[in-house]
Amino acid sequence: MDRLFPIREEDSQVNKLQSRLLVIAALLVLALAITLTISPAVRYHTGGEDYRWSHWLGVLGWFAVFTVLNRQSRRKLPHRDPYLLPIVAALTGIGLMMIWRLYPDLGQRQTIWLVLSGGVVFLGLAYPQVLTYLKKYKYIWLVLGLILVGLTIIFGQNPSGSGPALWLKIFDFYFQPSEPLKLLMVVYLAGFFTDRFILKKNRLAPIFPTLVVVVMALALLISQKDLGTAIIFLALYLLMLYSINGNRWVIWATPLVLLIAGTIGYLFIDIVHIRLSTWLHPFADPSGSSYQIIQSMIGIASGGTLGTGLGMGSPGLIPVAVSDFIYAAIGEELGLVGLLVVVGLIALLVYRAVKIANQSTDIFNRYLASGIAYYFGFQSILIIGGNIGLLPLTGVTLPFISYGGSSLLVSFIALAILLTINEAPQEGSNTQPAPRNPKTNWSAIILVGFQVLEFLVSSLYGFWFKDALIARPENPRWAIADRFVPLGDIVDRNGQVIVNSTGEIGEITRAAVYPALSPIVGYTNSIYGQTGIEASMYPYLRGLVAERDLKAATLEWVNNQPPEGLDVRLTLDLGIQQTADELLGDSRGAVVLMNAETGEILTMASHPYFNLETLEEDWASFSDEENGPLVNRATQGTYPIGSALFPFLLADQIDITSSFARPESILPSLSIGPQCATLPQTLDWMSIVTHGCVNAQADLAAYTGLNPVQNLIQRLGFYSSPNLRLTVAQSAQTGVTDERAFFRGEDLLVSPLQLAIAASSLSNDGTLPAPRIVIGYENQDNRWVTLPKLDSSSAAFTADRAGRLTTLLENDAALQWQVTSTTETEEGEPVTWFMAGSSANWQGQPFVVVVALEAEAPEQAADLGLTLLNRAMNLTSNH
Amino acid sequence: MNALLLFIIRLITLLLLYLFIGWIAYTIFMDLRKTNQPESKVSVTPITLIQANDDLGESRQFVAQEVLIGRDPANPFYLEDGTVSVRHLKLTFRNQHWWAEDLESTNGSYLNGDQILSPVILTDGDELRLGQVVLTVRIN
Chain A
1 MDRLFPIREE
11 DSQVNKLQSR
21 LLVIAALLVL
31 ALAITLTISP
41 AVRYHTGGED
51 YRWSHWLGVL
61 GWFAVFTVLN
71 RQSRRKLPHR
81 DPYLLPIVAA
91 LTGIGLMMIW
101 RLYPDLGQRQ
111 TIWLVLSGGV
121 VFLGLAYPQV
131 LTYLKKYKYI
141 WLVLGLILVG
151 LTIIFGQNPS
161 GSGPALWLKI
171 FDFYFQPSEP
181 LKLLMVVYLA
191 GFFTDRFILK
201 KNRLAPIFPT
211 LVVVVMALAL
221 LISQKDLGTA
231 IIFLALYLLM
241 LYSINGNRWV
251 IWATPLVLLI
261 AGTIGYLFID
271 IVHIRLSTWL
281 HPFADPSGSS
291 YQIIQSMIGI
301 ASGGTLGTGL
311 GMGSPGLIPV
321 AVSDFIYAAI
331 GEELGLVGLL
341 VVVGLIALLV
351 YRAVKIANQS
361 TDIFNRYLAS
371 GIAYYFGFQS
381 ILIIGGNIGL
391 LPLTGVTLPF
401 ISYGGSSLLV
411 SFIALAILLT
421 INEAPQEGSN
431 TQPAPRNPKT
441 NWSAIILVGF
451 QVLEFLVSSL
461 YGFWFKDALI
471 ARPENPRWAI
481 ADRFVPLGDI
491 VDRNGQVIVN
501 STGEIGEITR
511 AAVYPALSPI
521 VGYTNSIYGQ
531 TGIEASMYPY
541 LRGLVAERDL
551 KAATLEWVNN
561 QPPEGLDVRL
571 TLDLGIQQTA
581 DELLGDSRGA
591 VVLMNAETGE
601 ILTMASHPYF
611 NLETLEEDWA
621 SFSDEENGPL
631 VNRATQGTYP
641 IGSALFPFLL
651 ADQIDITSSF
661 ARPESILPSL
671 SIGPQCATLP
681 QTLDWMSIVT
691 HGCVNAQADL
701 AAYTGLNPVQ
711 NLIQRLGFYS
721 SPNLRLTVAQ
731 SAQTGVTDER
741 AFFRGEDLLV
751 SPLQLAIAAS
761 SLSNDGTLPA
771 PRIVIGYENQ
781 DNRWVTLPKL
791 DSSSAAFTAD
801 RAGRLTTLLE
811 NDAALQWQVT
821 STTETEEGEP
831 VTWFMAGSSA
841 NWQGQPFVVV
851 VALEAEAPEQ
861 AADLGLTLLN
871 RAMNLTSNH
Chain B
880 MNALLLFIIR
890 LITLLLLYLF
900 IGWIAYTIFM
910 DLRKTNQPES
920 KVSVTPITLI
930 QANDDLGESR
940 QFVAQEVLIG
950 RDPANPFYLE
960 DGTVSVRHLK
970 LTFRNQHWWA
980 EDLESTNGSY
990 LNGDQILSPV
1000 ILTDGDELRL
1010 GQVVLTVRIN
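Going down the list, the protein sequences come from chains A and B. Mind the numbering: the first sequence is residues 1 to 879 in the numbering used here, read in order. Mind the numbering: the second sequence is residues 880 to 1019 in the numbering used here, read in order.
So that you can see chain B by itself, here it is in the shape it has in the complex (with noise of 0.2 Å):
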């Protein structure tokens, strides 16, 4: 009697541990799967970014949808200056445009002099200035 029970319960536990981690895995898959979705693909034009103030002069070339800037080293694009906030501007790829928006920096980004306080159109060969640091802009 107690044997059997035994086994019915060793049973029941094996499936308790499949059903709790499968839940989980489930759960995470169908998360996943969700945020991936909405991600269509979309053609990006191609953004060039040359930074000025340096003496090296860094360019590099973006095609993601939304490219952010700031001193954090894991930003697509992150710039070692004390003026930069953490995460400083956000360029992002609309309706078949580059638009710049400022994530509330401290020191202001600036469009060919012009503070950026709300989101704006970036045409080839503007400048942006994000704290002290220049940059160029090209488009394709």
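Excised from the complex, chain A in its bound form (with noise of 0.2 Å):
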């Protein structure tokens, strides 16, 4: 470092504290570039071999800038401000880190503008005599940049391809023109004000000519859509008529001024009435015109108040994060810590530029270094104000660290003329410096104060606003977090796996052991969201809600990854689960199989089923279908009840079954002609139940009467929504507009969810369960800890009509009852209806099973359910 920044002891105060400060700049370049090699190898959790080097090449080009502009300006400037030179330093490595960083490529191209820059920093120390034709010239100076900028008119280009086109292309260089115009206006401005300085208070006339001029720049520079650059030309203008006129009417007429240009723009322009309302409206439309600033808010939330370390967060996903938001990358990686820095950097910067102006003697750098004081300032309050939404977005840049070669090396000239206008007062030795100008310092201290009240705003962001920006919908990094640290594996009852997570850290992935239960288990993508298992046990899968050890701890801070992700047991049984998905097959429909008792739920299906694997390419095609494979079925999807209700309402009536021995007595349709879903042996009771004769049905039901089976509807829980860790559908509504199709269970939407619970009263003496499909997660120490249910069960009957309803449905072979119903929805889709379970004579644990088809197949759903309910008896007798 001595060598590099050499330190003697013959050296005055100034060259001592300049190389100083320099030598920590350079450690701080050090220490960044650093992090940035090591950090692929940490987020990889891998060794050396994802080191990255390329951005050392930045650092050499950094280090070859400041060591040879700390010696010539030793050498050449004996009297200059020593801070100035460590401030940009430390500003260009903070930014030069950054770009690399985010995009490698255009860190090369920016090295090569920071040596460049630095090139001309050189030359402009080694002939101080510059700033007097800067003078002298000053309007070829203006006409010239004027001549550039307009050259875009027909010349211009945009590097990106589409947009503004606000180049030049030179050789294989983008070139922006407006940048030096910038300050060729300062220059310009300074020049014009020294040679009429005489201005009496109230006089307007001699500042016309400057008007016109400005007047000028700002129609070329709006017809180009170039509106930062506009916006601080105006800015820069008024500040410097300030400063130089004192007239307070200045002050006054600015605000006026914005207000009309501002006006006029959201009127007239697209692009300034799109920033304007996105400004005015900052979350109106998070995917659209204010996506970026939203993204930026919450990547200065992620950021939090100690940042991700360089290389270690995701400032990616910010639009143009390598220019416009480079503030906001700042805010995520490095922190408000990093934010603090670079804000205090660029007020110091300021802060120096005008005690230059204040020293100065000669009127004219005076007025440049004032100007050039502005410069900086307003410009880094325009793009921070725009990066945190407190100003309206304009594309400039955060002078010294965005990503833009013309910018870079226009305020590197401006470096070059305040280190040499500052070297100047020493010369004469018998001129004093004039005092301070009032005017200029209460310029600076609006500009620095409004910094401040930036940096405020930021820190809201990344420690009060924190926890909802980075909750936001619109906040992609959880998925990226998935892509690093697996989450836990989704497995059944008996712990085999259902879905687990493959691959290689950083492009870990979701993969369906087994497919077929994609609908209930559901997916977790970074671009469509969660659902099903996978967004409801979320915090389980991804570790959040374990106890926090020291290994979580550190993948926290030291990774900024989650922990890693818990198991989660559901009570499905793959091994009835698989016969269910075979027996289905290609037809649409759900079932589900339960244990009437505890309400787990061993079987869920729902087909048409979709691949995790294809998901994104099939998406499109999944999108346009109402009822596509993303639905599940078994909790989402509704069907009329049809003749599935007969069994409780004649629970309800059970004691009618033995005052009249013959349905058809007091149930007249059945001497009409039964309508049944499957063809009755005989019309007893039994029969008309099992075989869904659903006239008999709305006949028990009329003589129930309308309020007393709303009231038994109610209680079996049709008008509610069941409670489990799945998306269920909306409960059905209470009205009733036709009375007969209502008996006749067309009107009345369930789920086969909420009939299984249903059925599961009957199996159950009487008592509603309260579903479930998840057992519980394994924590860190490997132990299964389960989960409370999220409902309690409730009395649907006695449990003596409930024994004796299933005693009289039971086939006495194998202990069991069961419905078949046919029906139509409102479109005139068939549905066939399929529900069994155990009777009140079955000694083991007691099970229903649910199958809804969306085809007429009454043989198919009896099938599929008998043998997924013999199965489940089976399975507990057995044991």
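Please note that a few of the clues may not be correct.
[Said to hold, decoys possible] Stretch-level coverage of chain A by chain B, calculated; a stretch enters the list once three of its residues show a Cβ under 8 Å from a Cβ in chain B:
(1) 15 to 24
(2) 32 to 41
(3) 80 to 90
(4) 337 to 343
(5) 356 to 370
(6) 553 to 564
Hints listed in this document are in silico derivations from the structure and should not be mistaken for laboratory results. Being a predicted model, the structure only gives us computed values, none of them experimental. Here a beta-carbon is modelled for each residue, glycine too, at the ideal position from N, C-alpha and C.
Work from the hints to combine the two standalone chains into their complex.
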């Protein structure tokens, strides 16, 4: 370090201070570069093979530029301001490392620009008399600048291929002429006011020539849609006018001019309209016009106080992070502490420039220095304010930090001017420093004050609103984290894997070991979000609920990654599930097999299902279909209940079966002709319920009366949604329009899950069990922790009524009851229900099964339902 | 291993960031204190300058220890006249007297008709001429 930035005993205070500060800045750049080298290895949890090296080229360039400039300034300018070069070195270093981190290609370009800019400053310090040429030929410079900007109207290009054509292509490099125009405007104004500085208050005549030039420049910029530069122009002009002229009307006129300009822009220029409405309503269109600003805010929020560390966050998610939004990118990776340093350094730069202006004896130099102070200060305010939503977004750069060659070069030229100006006062021995100009100080204080305000707003995002912003649905960082740390597995009740995470770190994806369960388990996808168990159990699968041990804390603080996921166990039994999926095959429909006592769901099938691996390719076709494979038909699909209501009605009226041995004596439709799902052999009570004779059901309902029927439906839970860790359909409406249709079960829409819960009451002594699909999760100590049910059980019938009904419906051989029903949806689509359960005489665990098919297929439904029920009942009897 | 190294370097980065900005703030603070210290409070007898050339006849009073007169509007007393240099004349209060000192102006300064070549003491009623501008001095 001492060789690069020498500090000698005999050196002046200025030289010593500058070298010392540059040493710290150099160490800072080295520390950032080392972080950047190691960070991929830390993210991927690997050794040295993932180290990143390319950015050391940028470090080399940085060292080359600042060691040379340090020596040159020592030789040529012994009385310069010692702070300027180190401040610029630090800002450039932070910016350069950030650019390399985001896009190494652009980092390479920026390094070339940095070396070029350093070369220009080197020459500028060697020939300080350039300053007088600036003053002498100010009109020529300005006209030259205007011509260059004018050229972009004809030859303008945009490096990204589209957008405003503000660049001129010279060989392979793009140059933005509006950048030097800002500095040339400052030079022109300083020169002009020096010549005619005798401005009596309230006398406006002398400023008219400047007005003409400024308006010309503005018109040129607005016609090219370079609004950021236009605003900077206007602000620079007004600030300089105020600090030179000292008229208070300038202060009052400024907001007025901006308001008028803003209104005109809002009404007539599209991009101004978009920017202003985004500014006024930042959350109105999070995926469209306010996407950038929201991503920027989320970026600052996810950095928090200390930041993720360079290379450890995801600032690439913020659009154009490398130039317009580099402030937000720094906020994410270096945190609020990093932002404070950036804002602080820019404020110090403004302060030093104003100090140079105050100390200068030459009026031109003084105006020039204060103009440069405003240029740095205002441009920073504009883009930082745009990044945090405090000001409308304008595409200008953050001086010395943002990617952009023209901007870097011009900022460095401004630096050279400041260094040279400060050298001037010591030359004449008898000249005294001119008194300070309070107007310049006030302008600078306003600028710095605004920067402080902007930092405070940033810290609101990084601290106060941190959690709210990170939790926003537009934040895809969780999906990136899932690619680096595996989520927990989802396993069935016996520990067989349904879904797991596979792949290399950085490429980890969810894989369905048992794909047929995909509508139930759901998906977790960076684009489409989360559904099913993946959504409801995410805090467990992601490990967020786990107690934070040292490993989790290390992952969070060092790797910026979430803890390892916890496995989640479901109540499903993959053995029976497989049978269900095979038998259901290509039919559209759903199956629910449930333990009637505990409410545990052993099987839940919904066909058709989707394939997790091809989800993104199939998405377009899925979203066209209203009831596509993404829907979990078992919980979200609703179908008219039809004659499946019959056993519940009869259980409610169980006494009539003993009073009237022959059903047709009170159900008149039976004598006319029964309408049944399957053909009954006889017309006794058991047969008409089992075979789903819908007109008999309607007669029984009419015999019961509307209110008692609705009361029964209420008790069966059809008017409320079941609560389990899955998305469920909205419950049925209580209103009844056509009483007969209602009694025929055509108006009551229920989901297979709801029907299975209701059916459980028949097999479970009249009690509705609370459903359960998730048993629990495996904590870090590999112990299973049971999660509570979300609902509690409730009574639908007395145990006596339920027992008498199932005994009545019982098929002697199997100790089971069953009901088949066929009906139609409102659109005329056929629906087949099959519902069966163990009877009261069954000694083992009670089970019920519900099958819903979107077809008229009573045999298939019955075959499927009984196969599953038998398997479940055999399972427990064997144990 | 990498993770630990990275964490330590992040902390070092943080320290360096604040060392850098802290050092700048400290030296600037010390610098400001040094420049402010020697200024001891001296009671200054007010001086009034009356501009006679102008139709309006501007008159201003000063109590500062040092008053600069010139064409530069940043001067405490500035004169819009082509014959006045940017920084023309300096008035200082030393040893209970107001002294006038010409700052090598182009057209020279005159006290009661005599050119000021070295610092001279002003008294009440003196007439100063800067280029073509005439000022009357009132002390007290």
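Hint check:
1. 15 to 24: Contact hint for the region 15 to 24 of chain A vs chain B: holds, 4 residues under 8 Å.
2. 32 to 41: holds (count 6)
3. 80 to 90: holds (count 4)
4. 337 to 343: holds (count 3)
5. 356 to 370: holds (count 3)
6. 553 to 564: Held - the region 553 to 564 of chain A has 4 residues with a Cβ nearer than 8 Å to chain B, which meets the minimum of three.
The structure is consistent with each of the numbered hints, conforming to all of them.
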